[in-house]
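Residue numbers (numbering that gives the first Met the number 0), protein chains in the order written: chain A, 0 to 311; chain B, 0 to 311.
A couple of the hints might just be wrong.
In the DSSO-like style, the derived pairs of lysine-lysine whose C-alpha atoms are separated by at most 27 angstroms in a straight line are [said to hold, decoys possible]:
| hint | chain 1 | residue 1 | chain 2 | residue 2 |
| --- | --- | --- | --- | --- |
| 1 | A | K257 | A | K237 |
| 2 | B | K308 | A | K185 |
| 3 | B | K308 | B | K71 |
| 4 | A | K257 | A | K87 |
| 5 | A | K83 | A | K257 |
| 6 | B | K83 | A | K237 |
| 7 | B | K308 | B | K87 |
| 8 | A | K237 | B | K71 |
| 9 | B | K185 | A | K185 |
| 10 | A | K71 | A | K308 |
| 11 | A | K71 | A | K83 |
| 12 | A | K83 | B | K83 |
| 13 | A | K87 | B | K237 |
| 14 | B | K308 | B | K83 |
| 15 | A | K237 | B | K87 |
| 16 | B | K237 | A | K83 |
| 17 | A | K257 | B | K257 |
| 18 | A | K185 | B | K237 |
For the record, the hints were derived by calculation from the structure and aren't laboratory data. If you're wondering where the values come from, they're calculated on a predicted model, not measured in any experiment.
Number of protein chains: 2
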Amino acid sequence: MTAQQPASPPVAGDAFCAIVDWGTSSFRLWLVARDGQVIGERRSHEGMMHCSQTGFEPVLSAHLQALAAPAKLPVLICGMAGAKQGWKEASYLATPTALGELSDHAVSVSSALGDVRILPGLAQRDVDAPDVMRGEETQLLGVSRRMQTGLVCMPGTHSKWVLLETGEVRGFATFMTGELFAVISKHSILSHAVDDARPDGEHPAFVRAVDAALGNPGMAFGQLFSVRAAQLLGFEDKSDGAAHLSGLLIGAEISAIKQRYGTGQGVTLVASGSLTALYESALVRAGFSIATVDADECVRTGLFEAALKLWG
Amino acid sequence: MTAQQPASPPVAGDAFCAIVDWGTSSFRLWLVARDGQVIGERRSHEGMMHCSQTGFEPVLSAHLQALAAPAKLPVLICGMAGAKQGWKEASYLATPTALGELSDHAVSVSSALGDVRILPGLAQRDVDAPDVMRGEETQLLGVSRRMQTGLVCMPGTHSKWVLLETGEVRGFATFMTGELFAVISKHSILSHAVDDARPDGEHPAFVRAVDAALGNPGMAFGQLFSVRAAQLLGFEDKSDGAAHLSGLLIGAEISAIKQRYGTGQGVTLVASGSLTALYESALVRAGFSIATVDADECVRTGLFEAALKLWG
Numbered sequence: 000m001t002a003q004q005p006a007s008p009p010v011a012g013d014a015f016c017a018i019v020d021w022g023t024s025s026f027r028l029w030l031v032a033r034d035g036q037v038i039g040e041r042r043s044h045e046g047m048m049h050c051s052q053t054g055f056e057p058v059l060s061a062h063l064q065a066l067a068a069p070a071k072l073p074v075l076i077c078g079m080a081g082a083k084q085g086w087k088e089a090s091y092l093a094t095p096t097a098l099g100e101l102s103d104h105a106v107s108v109s110s111a112l113g114d115v116r117i118l119p120g121l122a123q124r125d126v127d128a129p130d131v132m133r134g135e136e137t138q139l140l141g142v143s144r145r146m147q148t149g150l151v152c153m154p155g156t157h158s159k160w161v162l163l164e165t166g167e168v169r170g171f172a173t174f175m176t177g178e179l180f181a182v183i184s185k186h187s188i189l190s191h192a193v194d195d196a197r198p199d200g201e202h203p204a205f206v207r208a209v210d211a212a213l214g215n216p217g218m219a220f221g222q223l224f225s226v227r228a229a230q231l232l233g234f235e236d237k238s239d240g241a242a243h244l245s246g247l248l249i250g251a252e253i254s255a256i257k258q259r260y261g262t263g264q265g266v267t268l269v270a271s272g273s274l275t276a277l278y279e280s281a282l283v284r285a286g287f288s289i290a291t292v293d294a295d296e297c298v299r300t301g302l303f304e305a306a307l308k309l310w311g
Numbered sequence: 000m001t002a003q004q005p006a007s008p009p010v011a012g013d014a015f016c017a018i019v020d021w022g023t024s025s026f027r028l029w030l031v032a033r034d035g036q037v038i039g040e041r042r043s044h045e046g047m048m049h050c051s052q053t054g055f056e057p058v059l060s061a062h063l064q065a066l067a068a069p070a071k072l073p074v075l076i077c078g079m080a081g082a083k084q085g086w087k088e089a090s091y092l093a094t095p096t097a098l099g100e101l102s103d104h105a106v107s108v109s110s111a112l113g114d115v116r117i118l119p120g121l122a123q124r125d126v127d128a129p130d131v132m133r134g135e136e137t138q139l140l141g142v143s144r145r146m147q148t149g150l151v152c153m154p155g156t157h158s159k160w161v162l163l164e165t166g167e168v169r170g171f172a173t174f175m176t177g178e179l180f181a182v183i184s185k186h187s188i189l190s191h192a193v194d195d196a197r198p199d200g201e202h203p204a205f206v207r208a209v210d211a212a213l214g215n216p217g218m219a220f221g222q223l224f225s226v227r228a229a230q231l232l233g234f235e236d237k238s239d240g241a242a243h244l245s246g247l248l249i250g251a252e253i254s255a256i257k258q259r260y261g262t263g264q265g266v267t268l269v270a271s272g273s274l275t276a277l278y279e280s281a282l283v284r285a286g287f288s289i290a291t292v293d294a295d296e297c298v299r300t301g302l303f304e305a306a307l308k309l310w311g
């Protein structure tokens, strides 16, 4: 009896395509085999803002070379590379949008690298709630393999809350939560009250602030200054500031959603890194049941699914 | 019959005292006669931040000299000069505070200029709603000559909402509305969507945003990004951005107060300059009846009243 040889891992020559998540300030590329297995991965800070100076093609080319990708390998991109200020504009699809149709609207880029396409973003052309996304729609395509209907929370610099119905994006809302945390803690009077401590979801100041925001919907603007006042009056230390501010902002976001949708339906949380624990903690305090999925995995799955539809 | 000579206007030699509103980034001084008449006035940007570098006494001395104030003229100061980082700390009085007693707690500064005193600020030592003010308490003393009981709105970099009861500050809340407008329009993604246009209270984008914030309490954080999205989707122009953002922030502030107190009682609006029309417009849209008083006049009246109690 001879033992069966294990299948040897796929190499760059086996790649079926390259998929790229090209954000405002980040670049991520994966080489994938036809069965979806990841052969190689690259990450850098060469996002849209960087590339609008240097050009997009040289950046993509260098990363493909670094992984020894076969020449003329098809490449599918999502994110800000498709913005007006990006590589080539991939016009927004209007909501409601069936996620399965994203790939039908991919825009071809004229490139010496071969077949390079960019997926479109989504626009909510509602004069009372205008909104746009680029990149999250592809994550949602990945999410929709697990759940087709429900409320999705995608925290980040600009958090997105999305209502899915049988694989269709019915509507969405952007909260500038992450960016507000950054600009308020860097540029406002609260810069004196926030240090570099990374808040976690169990920090007492975070929990108190989430509860305060949930208990007093709409008052978040009237509570921001309390981050500083609590320290001036000796109730908190500077090491509590980041947790307090973060709790108010995340609490306000979740409180607004709770007011609008109630907690009857669960929330699918699409997150990576340190935000995961913060949002999990706050969502549970608000009374939501949650299922967490990894944001990185979702964008990869979504890109791969769209690539299969194009070239599979 | 000889016509009666009109009283000649008072001159610097007639001054009863000097009163100073010394803010974070502004300095205002008035020489006043015993009957309250203003003899001379100085304004500059030598606020606390400037003077913590240069010293406070030289700044005060130069302005007194410029008005030819008599030597050893008593000087009463309110505002950030009494902060810990100011000239000399005038410890906060805890709420509830009878405004008539502010002058009893003025702190004497040791100065070659003579009798110089600083009025204290107020602190709300409530662990669930910690808050502080410096300067506004003196404006409120001026306001309390007109009304002793009711809701007072004092818009600015940090707006204060104050509940007065028979001349006593019962409680207050700070909204960082003006500062949020500044940091968001300068440092966030919305900097691409806001130009230098000065919003006015009748601007359609301002009015729409106020109504949106009032109609959807708690959603203001979820609407900030719409300032940019509305332009990306062609619903608005960059010249609408400042009005839109301003309407959302002021609308969120007023919406929170309305949720808490209703509109049954009117609001006394203590404002100066371009903020007056914005807050008047938004308060009326929210259903409040309003009486507007001039903020500059209130701080002068309050300082003078406190000075009379000390030296009258």
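The hints, checked one at a time:
Distance check on the hinted pair: K257/A and K237/A sit about 30 angstroms apart at the alpha-carbon level, beyond 27 angstroms; violated. A C-alpha spacing of about 43 angstroms is found between K308/B and K185/A, which places the hinted pair above 27 angstroms, so the restraint is violated. Restraint check for K308/B and K71/B: satisfied, since their Cα atoms lie roughly 18 angstroms apart, inside the 27 angstroms limit. Between K257/A and K87/A the CA atoms are separated by roughly 38 angstroms; this puts the pair beyond 27 angstroms, and the hint is violated.
In summary, the hint linking K83/A to K257/A is not supported, as the alpha carbons are separated by about 34 angstroms, beyond the 27 angstroms threshold. Simply put, K83/B and K237/A have alpha-carbon atoms about 17 angstroms apart, close enough for the 27 angstroms limit, and the pair holds. With a C-alpha separation of about 21 angstroms, the suggested pair K308/B and K87/B falls inside the 27 angstroms cut-off, and the hint holds. With a C-alpha separation of about 42 angstroms, the suggested pairing of K237/A with K71/B is violated against the 27 angstroms cut-off.
Under the criterion of a C-alpha separation no larger than 27 angstroms, the hint pairing K185/B with K185/A is consistent with the structure, at around 12 angstroms. Taken as a hint, the K71/A and K308/A pair is honoured in the structure, with Cα atoms around 18 angstroms apart against an allowance of 27 angstroms. At most 27 angstroms may separate the alpha-carbon atoms for a hinted pair to count; K71/A and K83/A meet this at roughly 26 angstroms. For the hint linking K83/A to K83/B, the alpha-carbon distance of about 50 angstroms lies beyond 27 angstroms, and the restraint is violated.
Distance hint between K87/A and K237/B is fulfilled; the C-alpha atoms sit about 23 angstroms from each other, no more than 27 angstroms. A C-alpha spacing of about 25 angstroms is found between K308/B and K83/B, which places the hinted pair at or below 27 angstroms, so the restraint holds. Simply put, K237/A and K87/B have alpha-carbon atoms about 23 angstroms apart, close enough for the 27 angstroms limit, and the pair holds. Simply put, K237/B and K83/A have alpha-carbon atoms about 17 angstroms apart, close enough for the 27 angstroms limit, and the pair holds.
Restraint check for K257/A and K257/B: the C-alpha separation of about 20 angstroms stays at or below 27 angstroms, so the hint holds. Proposed proximity of K185/A and K237/B is supported: the alpha carbons are some 25 angstroms apart, at most 27 angstroms.
In summary, the structure is inconsistent with hints 1, 2, 4, 5, 8, 12 from the numbered list given earlier, while agreeing with the others.
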